[in-house]
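Engineer: Protein chains in written order, with my numbering: chain E, 4 to 214; chain G, 4 to 214; chain F, 4 to 214; chain P, 4 to 214; chain X, 4 to 214; chain R, 4 to 214.
Any given hint might turn out to be false.
Unchecked claim - Okay, derived cross-link-like pairs now, DSS-like style, lysine-lysine, Cα gap no bigger than 25 Å in a straight line: (1) E:166 to F:115; (2) G:166 to R:115; (3) G:166 to G:115; (4) P:115 to P:166; (5) X:115 to E:166; (6) E:166 to E:115; (7) P:166 to R:166; (8) R:115 to R:166; (9) E:115 to X:166; (10) F:166 to F:115; (11) G:115 to R:166; (12) X:115 to F:166; (13) P:115 to R:115; (14) G:166 to P:115; (15) G:115 to P:166; (16) X:115 to X:166; (17) F:166 to X:166; (18) F:166 to E:166.
As the list claims (entries may be wrong) - Listing some non-contacts, in silico: residues in chain P with all C-beta distances to chain G over 10 Å: (19) 9; (20) 49; (21) 172; (22) 191; (23) 192; (24) 211.
To be clear, the hints were calculated from the coordinates, so they are not data collected in a lab. For every residue, glycine included, the Cβ atom is placed at its ideal position computed from N, Cα and C.
There are 6 protein chains.
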Amino acid sequence: MINPNSNEAVTEGLRQAVAPLAFAEGPEIICETLRDGPFGIETQEHADSVTIPLRRRVEAADDVDAFIIACYSDPGLHVAREGTASPVFGIAECGVLTALTRADRFGVIAIKSRSIPRHIRYLRQMGLMDRLAGERPLEMSVAESASGEGTLDRMIAVGTELKERDGAGAIVMGCAGMARHRRPLEQALGIPVIDPTQAAVAMAIGTLVVR
Amino acid sequence: MINPNSNEAVTEGLRQAVAPLAFAEGPEIICETLRDGPFGIETQEHADSVTIPLRRRVEAADDVDAFIIACYSDPGLHVAREGTASPVFGIAECGVLTALTRADRFGVIAIKSRSIPRHIRYLRQMGLMDRLAGERPLEMSVAESASGEGTLDRMIAVGTELKERDGAGAIVMGCAGMARHRRPLEQALGIPVIDPTQAAVAMAIGTLVVR
Amino acid sequence: MINPNSNEAVTEGLRQAVAPLAFAEGPEIICETLRDGPFGIETQEHADSVTIPLRRRVEAADDVDAFIIACYSDPGLHVAREGTASPVFGIAECGVLTALTRADRFGVIAIKSRSIPRHIRYLRQMGLMDRLAGERPLEMSVAESASGEGTLDRMIAVGTELKERDGAGAIVMGCAGMARHRRPLEQALGIPVIDPTQAAVAMAIGTLVVR
Amino acid sequence: MINPNSNEAVTEGLRQAVAPLAFAEGPEIICETLRDGPFGIETQEHADSVTIPLRRRVEAADDVDAFIIACYSDPGLHVAREGTASPVFGIAECGVLTALTRADRFGVIAIKSRSIPRHIRYLRQMGLMDRLAGERPLEMSVAESASGEGTLDRMIAVGTELKERDGAGAIVMGCAGMARHRRPLEQALGIPVIDPTQAAVAMAIGTLVVR
Amino acid sequence: MINPNSNEAVTEGLRQAVAPLAFAEGPEIICETLRDGPFGIETQEHADSVTIPLRRRVEAADDVDAFIIACYSDPGLHVAREGTASPVFGIAECGVLTALTRADRFGVIAIKSRSIPRHIRYLRQMGLMDRLAGERPLEMSVAESASGEGTLDRMIAVGTELKERDGAGAIVMGCAGMARHRRPLEQALGIPVIDPTQAAVAMAIGTLVVR
Amino acid sequence: MINPNSNEAVTEGLRQAVAPLAFAEGPEIICETLRDGPFGIETQEHADSVTIPLRRRVEAADDVDAFIIACYSDPGLHVAREGTASPVFGIAECGVLTALTRADRFGVIAIKSRSIPRHIRYLRQMGLMDRLAGERPLEMSVAESASGEGTLDRMIAVGTELKERDGAGAIVMGCAGMARHRRPLEQALGIPVIDPTQAAVAMAIGTLVVR
């Protein structure tokens with residue numbers, strides 16, 4: 004699992020998020036930071052700046068059975084897939100697909116509103132728009148959302164709008180760094196909440212273990 | 004994981020298929036046979052006959068954290084979901100969603116051609132038709148496909164048509180009893196092959212472990 | 004025309020609703036109650052509980068030229084079709100299709116909000132979502148909506164929202180027991196209102212008479 | 004029911020096609036010929052040349068409760084609707100919608116291949132493309148198809164391709180003048196065949212009788 | 004470029020709107036008024052009344068390399084195309100397609116609300132609904148919108164709603180006579196604004212010059 | 004107009020292709036080669052390797068009113084748009100949108116089959132799949148297709164399949180270096196052929212001139 008931004012705190016959060024899925028007999032899960040990445044991925048430029056570094060990282064790995072790109076924009080997903088025979092998963096893709104198993108229509112909590120057109124464009128590319136209830140922003144920085152005290156309250160407020168006004172039956176947390184809010188958010192909203200990093204690891208395990 | 008048909012051999016095949024995902028620290032995976040089910044689910048009548056028994060089974064379980072309905076028609080999926088606070092997964096849904104992580108468009112190998120309109124209708128219900136390359140039948144009985152010697156050869160022939168003529172980049176095996184053919188089929192075709200029962204168990208583990 | 008719930012009052016309402024279509028030279032229209040049905044169909048469990056009884060009823064009929072399932076969830080439609088060479092119509096399907104002849108986008112008045120995801124899923128299965136303006140609930144029980152005095156007022160309020168806020172150019176009454184409200188609702192809203200039971204009988208007559 | 008071409012033989016065929024639906028207690032069905040129409044409607048120019056004459060005819064009628072435009076291009080449908088408070092039905096629209104009650108995907112038999120892009124454009128306008136199996140031409144003139152001896156044989160050949168190669172589960176005869184071939188075609192193909200003029204009259208009766 | 008209404012002031016506005024695209028070495032741009040047209044095209048009847056006159060005009064031209072129909076309903080587009088080997092452009096089609104190059108989802112400013120269902124139907128025919136953010140009306144007459152003083156203010160108000168509430172990233176001015184408001188509207192809204200007549204001339208030049 | 008590959012011969016071909024659109028009073032058209040680009044863009048890696056260099060080039064330009072990225076994969080389109088207030092056009096987007104003005108459904112001639120899934124994914128992202136007739140490959144290298152003698156013959160063969168078998172009414176040449184084949188291909192096929200570089204320049208002129 005590669006965190007394409009260079010913020011080690013996010014990578015540490017990933018480790019904790021996916022630790023419950025690191026079974027003794029299962030695949031080893033290694034979370035690493037992309038050295039060349041920006042500190043956070045908030046723009047298209049940030050996203051596009053990591054595609055080739057991710058490709059290089061994937062090509063250089065000779066003992067990795069599956070890769071996960073841990074950024075909700077799934078940067079470099081297709082170029083990474085082209086560069087390896089191993090499966091490559093994107094957390095946005097896996098998060099959304101997992102949400103489809105929990106409700107007829109899902110909502111997405113974005114960090115910032117400027118990411119939403121990029122996410123919508125990606126959902127349309129995946130052919131999944133018919134199942135989207137809506138996407139709404141926290142309007143926080145990635146840093147704030149990961150560490151700030153008011154984050155959960157804001158997520159509950161936004162999640163409630165997605166549920167009540169947009170008709171979402173499940174929520175995808177649209178960021179790699181929100182896993183610790185999953186359970187309290189689920190309890191507050193009363194509908195399933197998907198952490199996309201956990202969703203991606205589970206799908207990767209399914210692919211690896213039964214080889 | 005409930006096999007909605009009453010064929011114990013199929014249930015035993017499920018046990019073997021998902022055994023690699025039964026981690027010591029992970030959730031226990033119990034495969035059971037629906038006593039009231041028909042011997043195989045080949046028609047709409049078969050599928051509809053098990054919906055209420057599946058609901059009853061789900062309601063009666065007080066120590067189950069997630070359910071998987073192990074039939075590629077996902078019979079009773081919505082009525083089971085209505086009857087429990089635990090997540091309920093259908094193998095068709097999970098198989099197809101997992102295929103979307105491996106290729107732009109996927110193909111489905113059906114047992115019989117008469118199931119295809121039912122599957123297409125269900126794919127349209129899921130809003131996923133834009134990603135379907137095609138579905139083609141083996142034209143075998145479930146029993147034949149599970150045990151017959153020529154099954155793998157026939158699967159390779161049908162899978163090749165899905166790949167070459169329909170443009171499928173990944174294949175979903177459209178039946179609960181085909182898991183042992185997954186690996187040789189994947190090697191013969193050179194594209195990912197998804198066993199839907201394994202896909203469903205992986206997604207269920209992701210949901211359960213991180214609760 | 005089979006009322007899949009066991010409420011004889013609903014069946015009697017059906018008889019009155021479709022009586023104008025019972026022409027002397029036309030097909031005889033028989034409205035009957037499904038003995039095994041629940042008192043009302045308000046949940047997925049209710050809907051799934053009648054599918055096999057409907058199949059049995061259809062199979063047992065040897066002098067029926069067409070069947071109509073008179074519940075807005077169209078329960079058992081496909082399993083009934085599988086069991087007979089005669090055409091089988093669902094009132095939801097016929098109601099929606101008839102609405103498409105009257106306006107570019109239609110709205111649906113549901114009895115309860117919890118039915119809406121089920122209806123939306125069914126509309127997506129039919130491939131007709133592009134024409135849906137919206138669906139809004141009365142939030143009444145079937146019994147209330149059929150007999151209560153305030154029903155028409157509530158229907159006018161909900162229908163007005165569908166017209167004004169959602170842009171509906173025609174309204175489908177999403178229940179088998181609302182026929183007597185059709186004309187006054189149409190007059191109040193100023194746009195066509197479709198009773199799905201009448202729509203289904205008309206389409207069935209077209210199929211039968213020209214055989 | 005207005006035949007927008009000036010071929011009286013076609014109008015006479017309409018009379019015979021819909022005669023079984025002219026119930027004594029039901030609405031009177033009057034089939035008339037549009038005097039200003041071309042002899043057949045085979046081009047976009049033919050279709051557009053009748054829109055305003057159809058509007059005028061509809062406006063001039065003061066004792067007509069519903070109108071049917073009996074040409075498979077539904078020329079003037081929207082301008083006619085704008086000109087009257089009575090419902091206006093198009094046979095293409097009603098034929099296709101009725102086919103949706105009989106099969107998951109339908110096929111259309113066109114007279115000539117040059118009409119097919121026009122029909123496809125219209126199906127896309129109706130939002131119904133997801134249910135189209137395919138459309139194939141007879142490559143006959145309207146006159147030939149209405150009277151020629153080999154018409155039925157050609158229809159069976161084309162219908163068989165729609166069924167076998169395109170996966171059509173029902174067939175719409177894409178012309179106003181094919182009603183007499185409906186039953187033999189249905190028997191030859193073994194799947195439902197829809198005459199769009201009869202479908203439209205049935206839907207109109209449903210609308211009128213229950214006013 | 005044919006103005007299908009008989010209002011010479013609109014034609015004069017077209018001349019001014021497209022004058023910057025009349026390059027000395029480029030194709031000559033002739034704006035003319037359709038003599039038989041209504042004074043404005045505000046209804047389906049207006050639109051359908053000009054289709055055959057437009058066809059006649061196109062057929063009569065022997066020295067025209069491309070035609071543009073300058074009305075946002077694109078009346079007669081297909082019948083004109085059928086009547087000439089030269090390309091025929093509609094301003095609505097070109098305006099919307101050009102908007103797709105400037106934003107993920109676009110909004111349309113209509114003159115009157117009653118045109119909106121006609122425009123939506125046309126967008127669905129073009130298969131472009133997935134990119135529509137919304138369409139909202141000025142509720143002015145064509146004459147008012149072309150000349151009235153308050154037009155720009157009203158356009159800014161409506162454009163702001165399309166941007167803020169519907170999420171439009173670009174605006175199409177849904178009328179042939181609004182070109183002079185383009186630049187101030189763009190400045191006020193801060194997102195691209197498309198004049199459909201200019202968009203159509205540019206696309207026509209591309210087609211002609213490189214022949 | 005930036006050729007994102009470093010093949011100067013392709014850039015020279017662009018100059019010739021768009022020269023007829025370089026009007027004396029119009030915008031100056033400068034075709035330049037991206038120094039950092041690969042020799043040809045045939046893979047996802049090639050495409051992703053130029054996104055950030057394109058962004059840098061766009062940011063560095065202080066006297067450019069509009070940008071065109073001249074590669075049929077539209078690499079870096081969104082990151083370039085994020086980096087400038089000037090409009091940025093992609094030739095694939097403009098080529099396809101222009102094709103929509105010439106036919107109901109279009110076909111694409113690709114250089115190699117391995118590009119087709121990338122193009123399809125992009126078409127789905129644009130929401131334009133409903134208008135695609137098909138895409139078929141020449142199976143040549145970019146170099147061969149630009150210079151080889153047999154290129155036109157192969158294009159005619161592939162274009163004929165798109166027209167006859169897939170129903171394409173217009174053809175988009177899916178490469179930046181095919182402009183000189185446009186006219187003979189159009190004459191051979193009898194349907195419009197779009198050169199995407201010319202289409203993009205025309206749309207850019209429309210945007211610039213009327214500022």
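Engineer: Are the hints correct? Go through all of them and say.
Structural biologist: So, going through the hints one by one against the coordinates:
1. E:166 to F:115: holds, 17 Å
2. G:166 to R:115: Status holds; Cα separation ~17 Å.
3. G:166 to G:115: holds, 19 Å
4. P:115 to P:166: holds, 19 Å
5. X:115 to E:166: This hinted pair is violated, its Cα atoms lying about 34 Å apart.
6. E:166 to E:115: Holds. Residue 166 (chain E) to residue 115 (chain E) sits at ~19 Å (cutoff 25 Å).
7. P:166 to R:166: holds, 23 Å
8. R:115 to R:166: holds, 19 Å
9. E:115 to X:166: Holds, at about 17 Å.
10. F:166 to F:115: Cα-Cα ~19 Å, so holds.
11. G:115 to R:166: violated, 34 Å
12. X:115 to F:166: Holds, at roughly 17 Å.
13. P:115 to R:115: Between residue 115 (chain P) and residue 115 (chain R) the Cα gap is close to 35 Å, so the pair fails against 25 Å, i.e. violated.
14. G:166 to P:115: violated, 34 Å
15. G:115 to P:166: Roughly 17 Å separates the two Cα atoms, so the pair holds.
16. X:115 to X:166: Holds - the C-alpha atoms of residue 166 (chain X) and residue 115 (chain X) are around 19 Å apart, at most 25 Å.
17. F:166 to X:166: holds, 23 Å
18. F:166 to E:166: holds, 23 Å
19. 9: holds, 42 Å
20. 49: Non-interface label on residue 49 (chain P) holds, nearest chain G Cβ at 35 Å vs cutoff 10 Å.
21. 172: With a cut-off of 10 Å, residue 172 (chain P) comes too close to chain G, as the shortest Cβ separation is near 7 Å.
22. 191: holds, 21 Å
23. 192: holds, 16 Å
24. 211: The claim stands: residue 211 (chain P) keeps its Cβ more than 10 Å from every Cβ of chain G (closest is about 33 Å).
Hint compliance for this structure: hints 5, 11, 13, 14, 21 are broken, all remaining hints hold.
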